[in-house]
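Just need the whole structure built from these sequences, with the hints factored in.
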Amino acid sequence: MFKLILSNLRQRPTRTCVSVIAVALGVALLLVSMGLSYGQLVDTVRRAQGIGGDFILQSSEASVIFALNSGTIPVRVQKVIEEVEGVEAVTPILAKFLGDQFHIVFGIDPESFGRVNSTLSFVEGGRFSEPREVIIDTIYANSKKMKAKDPLQILGHEFTVAGVFREGIGARVLLPLTTLQELNGTPDKATMFFIRAKEEVALEQVYESLQERFENYKITKTAELQEIMMDSTPVFKEFVTAMVCISVTISFLIILLAMYSTITERTREIGILKSLGASKSYIVRLILNESLLICAAGVGLGFLATFVVIELLVAAFPTLPVAISLFWRVTAAAMAVIGGTLGALYPALKAAGMDPVKALGYE
Amino acid sequence: MSEMIGITRRKDVVVVEDLQMVYRVGKMEVPALRGVDFSVKEGEFVAVIGPSGCGKSTLLHLIGGLLKPTSGRILIEGVSISSVSDVARTEIRRQRMGFVFQSYNLLNTLTAKENIALAKRIQGNGYYEDGSAQKILRMLGLENKMEHKPWELSGGEQQRVAIARAVINRPAILLADEPTGSLDSENSRMVLNMLRELNSDYGQTIIIITHDPEAAATADRLIEMRDGKILNRVQNMFYAMGEKRS
Chain L
1 MFKLILSNLR
11 QRPTRTCVSV
21 IAVALGVALL
31 LVSMGLSYGQ
41 LVDTVRRAQG
51 IGGDFILQSS
61 EASVIFALNS
71 GTIPVRVQKV
81 IEEVEGVEAV
91 TPILAKFLGD
101 QFHIVFGIDP
111 ESFGRVNSTL
121 SFVEGGRFSE
131 PREVIIDTIY
141 ANSKKMKAKD
151 PLQILGHEFT
161 VAGVFREGIG
171 ARVLLPLTTL
181 QELNGTPDKA
191 TMFFIRAKEE
201 VALEQVYESL
211 QERFENYKIT
221 KTAELQEIMM
231 DSTPVFKEFV
241 TAMVCISVTI
251 SFLIILLAMY
261 STITERTREI
271 GILKSLGASK
281 SYIVRLILNE
291 SLLICAAGVG
301 LGFLATFVVI
311 ELLVAAFPTL
321 PVAISLFWRV
331 TAAAMAVIGG
341 TLGALYPALK
351 AAGMDPVKAL
361 GYE
Chain X
1 MSEMIGITRR
11 KDVVVVEDLQ
21 MVYRVGKMEV
31 PALRGVDFSV
41 KEGEFVAVIG
51 PSGCGKSTLL
61 HLIGGLLKPT
71 SGRILIEGVS
81 ISSVSDVART
91 EIRRQRMGFV
101 FQSYNLLNTL
111 TAKENIALAK
121 RIQGNGYYED
131 GSAQKILRML
141 GLENKMEHKP
151 WELSGGEQQR
161 VAIARAVINR
171 PAILLADEPT
181 GSLDSENSRM
191 VLNMLRELNS
201 DYGQTIIIIT
211 HDPEAAATAD
221 RLIEMRDGKI
231 LNRVQNMFYA
241 MGEKRS
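If you're matching them up, the sequences are chains L and X in order.
Residues 1 to 363 in the numbering used here are what the first sequence spells out, letter by letter.
Residues 1 to 246 in the numbering used here are what the second sequence spells out, letter by letter.
Treat each hint with caution, since some may be false.
Calculated Cβ distances over 12 Å to all of chain X for the following chain L residues [stated by the list, open to error]:
hint, residue
1, Ile104
2, Thr119
3, Phe122
4, Ser143
5, Gly168
6, Gly185
7, Leu203
8, Val240
9, Gly271
10, Ala278
11, Lys280
12, Leu293
13, Leu349
Below, in silico cross-link-like pairs of lysine to aspartate or glutamate (DMTMM-like), each with a Cα-Cα straight-line distance of 20 Å or less [claimed, not checked]:
hint, chain 1, residue 1, chain 2, residue 2
14, L, Lys147, L, Glu130
15, L, Lys221, L, Glu200
16, L, Lys79, L, Asp100
17, X, Lys135, X, Glu114
18, L, Lys147, L, Glu158
19, L, Lys149, L, Glu167
20, X, Lys149, L, Glu265
21, L, Lys221, L, Asp355
22, L, Lys218, L, Glu83
23, X, Lys68, L, Asp109
24, L, Lys79, L, Glu124
25, L, Lys218, L, Asp231
26, L, Lys358, X, Glu186
27, X, Lys27, X, Asp12
28, L, Lys3, X, Glu114
29, L, Lys149, L, Glu124
30, L, Lys218, L, Glu82
31, X, Lys41, X, Asp18
32, L, Lys221, L, Glu208
33, L, Lys3, X, Glu147
34, L, Lys358, X, Glu29
35, L, Lys280, X, Glu29
36, L, Lys79, L, Asp231
37, X, Lys11, X, Glu29
38, L, Lys221, L, Glu124
39, L, Lys144, L, Glu200
40, L, Lys350, X, Asp86
Simulated from the structure, these hints should not be mistaken for lab results.
We put the beta carbon where it would ideally sit given N, CA and C, even for glycine.
Below is the structure:
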């Protein structure tokens with residue numbers, strides 16, 4: 001059967017190639033879009049966790065997508081949080097999304113930030129000491145080809161790069177909290193507080209104490225940030241569902257079209273197979289296996305195309321985070337195969353049900 | 001005479017009883033067979049002759065289990081294929097029938113050897129290569145054409161490959177629908193000789209449908225049809241006398 005399938009696919013190279021490319025397109029579309037959206041999400045989570053706090057305290061209506069929030073909580077709340085039992089350190093952070101540069105900057109208070117975070121290390125220069133100084137991470141520095149002492153424009157104001165830190169902590173650009181408060185027009189306000197618990201106290205106990213004390217605030221465990229972000233990101237689930245549906249639909253329609261036209265062209269061949277005693281299940285398996293082979297080739301090509309597209313995107317936009325997990329690779333392959341199999345099912349059943357005498361007489 | 005007695009003692013491979021077949025074309029009913037009765041014994045070579053539209057091909061397709069009759073009975077080695085399920089009829093066709101068509105009906109994407117092997121694989125419902133395809137192609141003088149695709153073969157060669165494919169599984173009955181209809185006289189003779197040899201040397205039961213008088217003359221017995229009925233049954237005297245054919 002495999003030889004017959006291969007020879008049939010070779011017999012119609014254009015259709016086979018177009019079908020494979022179309023399936024690959026569905027796979028690549030799913031993987032690239034998921035890779036970029038999950039990449040953004042995972043990267044945001046990783047960098048938020050990189051700050052080092054165990055909890056994040058935000059106003060009740062705030063989103064865990066930091067870019068969507070503004071400065072709404074008075075900085076003096078920091079003192080109240082520090083009084084909660086089990087809290088080791090607290091640092092306020094003001095997040096500001098820069099629309100023109102499409103990235104987020106964090107305003108930090110270096111002193112309290114240093115108590116919460118213990119991993120900030122510099123590859124060049126050091127912490128800022130002046131209001132118009134910033135520090136940037138290695139990815140931002142590489143993508144903008146910047147180094148310490150270089151000027152940097154933020155919100156229409158010129159800053160100087162004081163140092164370049166190893167990426168993975170907060171935002172790509174960190175600047176003094178008071179400076180960002182001033183530029184943002186929200187003096188003495190913060191977007192959120194990162195809270196570090198004492199090591200000797202159970203996290204759940206600190207969490208309960210915080211909830212009890214700040215019942216009108218949103219308190220998020222940083223360890224659960226990814227799940228919470230996925231659940232609360234606007235239309236994220238709908239986007240994922242739409243991409244999966246598009247991928248399945250592409251495979252379904254292409255394979256349906258390819259297999260339907262192939263069985264029409266091969267009506268006589270099906271009649272011959274039936275005259276040789278091929279059962280209905282044999283004919284169904286023949287068509288389904290042919291579509292499976294196309295899907296398998298499409299999945300392979302889709303993976304390759306995804307790799308090439310991602311490499312090109314990352315080369316063009318080095319700060320672009322991409323995360324294609326094994327789950328999504330398996331999902332993309334499964335969607336292509338499921339779509340392809342469903343698409344081939346109707347032509348396969350139609351072929352199996354053909355009248356052998358009419359099929360043999362087909363010209 | 002003893003040969004004739006020998007024939008009558010052989011078992012019936014095909015028994016057709018009061019076979020009727022009516023095609024529906026829209027609201028019209030077109031009768032193709034109107035009560036056909038005959039039987040074919042093991043090792044017999046029968047030719048069904050008659051003008052176009054007399055029901056010959058319908059009869060062959062019914063015997064081969066490709067169609068289901070409107071009424072009547074067809075027994076293949078004692079099993080009624082007219083009353084069994086589609087699955088069972090397919091199984092009988094797979095295990096007990098071999099078809100040869102006027103237009104050869106080889107799969108163009110496969111080589112001569114692969115076309116023959118395909119029939120074997122379908123019968124076995126799986127892949128195995130036991131060399132029988134090569135053996136039979138060698139026997140038919142096609143050993144140099146094993147790897148050729150059908151379009152690289154002449155009409156006569158294609159029909160010989162089709163015959164090889166039909167007999168590779170040692171079917172109980174070989175059904176041939178105008179096997180020489182598309183061939184020139186030399187290739188026709190070659191194909192008829194092959195069929196004759198299969199019948200005389202291997203005892204292959206053959207039912208052939210033909211317009212070709214030479215092809216009809218090769219058979220042991222002639223069944224002449226007209227308007228969906230059997231008009232004449234003629235024993236080929238040449239065969240009845242047990243004389244060897246050239």
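Hints versus structure:
1. Listed as outside the interface, Ile104(L) is consistent with that label: its C-beta sits roughly 59 Å from the nearest C-beta of chain X, beyond the 12 Å cut-off.
2. With a cut of 12 Å on Cβ distances, Thr119(L) stays outside the contact zone with chain X, its closest approach being about 60 Å.
3. Listed as outside the interface, Phe122(L) is consistent with that label: its C-beta sits roughly 66 Å from the nearest C-beta of chain X, beyond the 12 Å cut-off.
4. Chain X leaves Ser143(L) outside its interface by the beta-carbon criterion, the shortest separation being 53 Å against a cut-off of 12 Å.
5. Residue placement check: Gly168(L) keeps its beta carbon more than 12 Å from all beta carbons of chain X (closest about 55 Å).
6. No beta-carbon of chain X comes within 12 Å of the beta-carbon of Gly185(L); the shortest separation is about 73 Å.
7. The Cβ of Leu203(L) lies farther than 12 Å from every Cβ of chain X, with a closest approach of about 60 Å, so its non-interface assignment holds.
8. For Val240(L), the non-interface assignment is confirmed: its Cβ lies about 41 Å from the closest Cβ of chain X, beyond the 12 Å cut-off.
9. Against chain X, the non-interface label of Gly271(L) is violated: not every CB pair exceeds 12 Å, the least being about 8 Å.
10. The claim that Ala278(L) lies off the interface is violated: its Cβ sits roughly 5 Å from the closest Cβ of chain X, which falls inside the 12 Å cut-off.
11. Taking the minimum C-beta to C-beta distance to chain X, about 8 Å, the non-interface status of Lys280(L) is violated against the 12 Å cut.
12. With a closest Cβ-Cβ approach of about 14 Å to chain X, Leu293(L) is found to remain outside the 12 Å limit, as its non-interface label requires.
13. Look at Leu349(L): its CB is around 14 Å from the nearest CB on chain X, clear of 12 Å, so calling it non-interface holds up.
14. Only pairs whose Cα atoms come within 20 Å are accepted, and Lys147(L) paired with Glu130(L) is accepted, the gap being roughly 17 Å.
15. Taking the CA atoms of Lys221(L) and Glu200(L), the gap is near 17 Å; set against the 20 Å cutoff, the hint holds.
16. Between Lys79(L) and Asp100(L) the CA atoms are separated by roughly 35 Å; this puts the pair beyond 20 Å, and the hint is violated.
17. A C-alpha spacing of about 13 Å is found between Lys135(X) and Glu114(X), which places the hinted pair at or below 20 Å, so the restraint holds.
18. For the suggested pair Lys147(L) and Glu158(L), the alpha carbons sit about 15 Å apart, so the restraint of at most 20 Å is met.
19. For the hint pairing Lys149(L) with Glu167(L), the CA-to-CA distance comes to about 18 Å; that is within 20 Å, so the pair holds.
20. In summary, the hint linking Lys149(X) to Glu265(L) is supported, as the alpha carbons are separated by about 19 Å, within the 20 Å threshold.
21. At most 20 Å may separate the alpha-carbon atoms for a hinted pair to count; Lys221(L) and Asp355(L) exceed this at roughly 65 Å.
22. Our distance criterion of 20 Å between C-alpha atoms is met by Lys218(L) and Glu83(L), whose separation comes to about 18 Å.
23. The suggested pairing of Lys68(X) with Asp109(L) is violated, with an alpha-carbon distance near 89 Å, which exceeds 20 Å.
24. Between Lys79(L) and Glu124(L) the CA atoms are separated by roughly 33 Å; this puts the pair beyond 20 Å, and the hint is violated.
25. Simply put, Lys218(L) and Asp231(L) have alpha-carbon atoms about 15 Å apart, close enough for the 20 Å limit, and the pair holds.
26. For the proposed pair Lys358(L) and Glu186(X), the alpha carbon gap of about 31 Å is over 20 Å, so the pair is violated.
27. Using a Cα cut-off of 20 Å, the hinted pair Lys27(X) and Asp12(X) is violated, with the two alpha carbons roughly 38 Å apart.
28. Distance restraint check for Lys3(L) and Glu114(X): the Cα-Cα separation of roughly 9 Å lies within the 20 Å cut-off, and the hinted pair is therefore satisfied.
29. Straight-line distance between C-alpha atoms of Lys149(L) and Glu124(L) comes to about 10 Å, which keeps the hinted pair within the 20 Å bound.
30. Note on Lys218(L) and Glu82(L): the hinted pairing holds, with a Cα-Cα distance of about 16 Å set against a maximum of 20 Å.
31. The suggested pairing of Lys41(X) with Asp18(X) holds, with an alpha-carbon distance near 18 Å, which does not exceed 20 Å.
32. Our distance criterion of 20 Å between C-alpha atoms is met by Lys221(L) and Glu208(L), whose separation comes to about 11 Å.
33. Between Lys3(L) and Glu147(X), the direct Cα distance comes to roughly 14 Å. Compliance with the 20 Å bound is thereby established for this hinted pair.
34. Of the pairs offered as hints, the one joining Lys358(L) and Glu29(X) holds, with about 18 Å between alpha carbons and a cut-off of 20 Å not exceeded.
35. With a CA separation close to 29 Å, the supplied pair Lys280(L) and Glu29(X) exceeds the 20 Å bound.
36. For the hint linking Lys79(L) to Asp231(L), the alpha-carbon distance of about 31 Å lies beyond 20 Å, and the restraint is violated.
37. Restraint check for Lys11(X) and Glu29(X): the C-alpha separation of about 36 Å exceeds 20 Å, so the hint is violated.
38. Only pairs whose Cα atoms come within 20 Å are accepted, and Lys221(L) paired with Glu124(L) is rejected, the gap being roughly 32 Å.
39. For the suggested pair Lys144(L) and Glu200(L), the alpha carbons sit about 43 Å apart, so the restraint of at most 20 Å is broken.
40. Of the pairs offered as hints, the one joining Lys350(L) and Asp86(X) holds, with about 16 Å between alpha carbons and a cut-off of 20 Å not exceeded.
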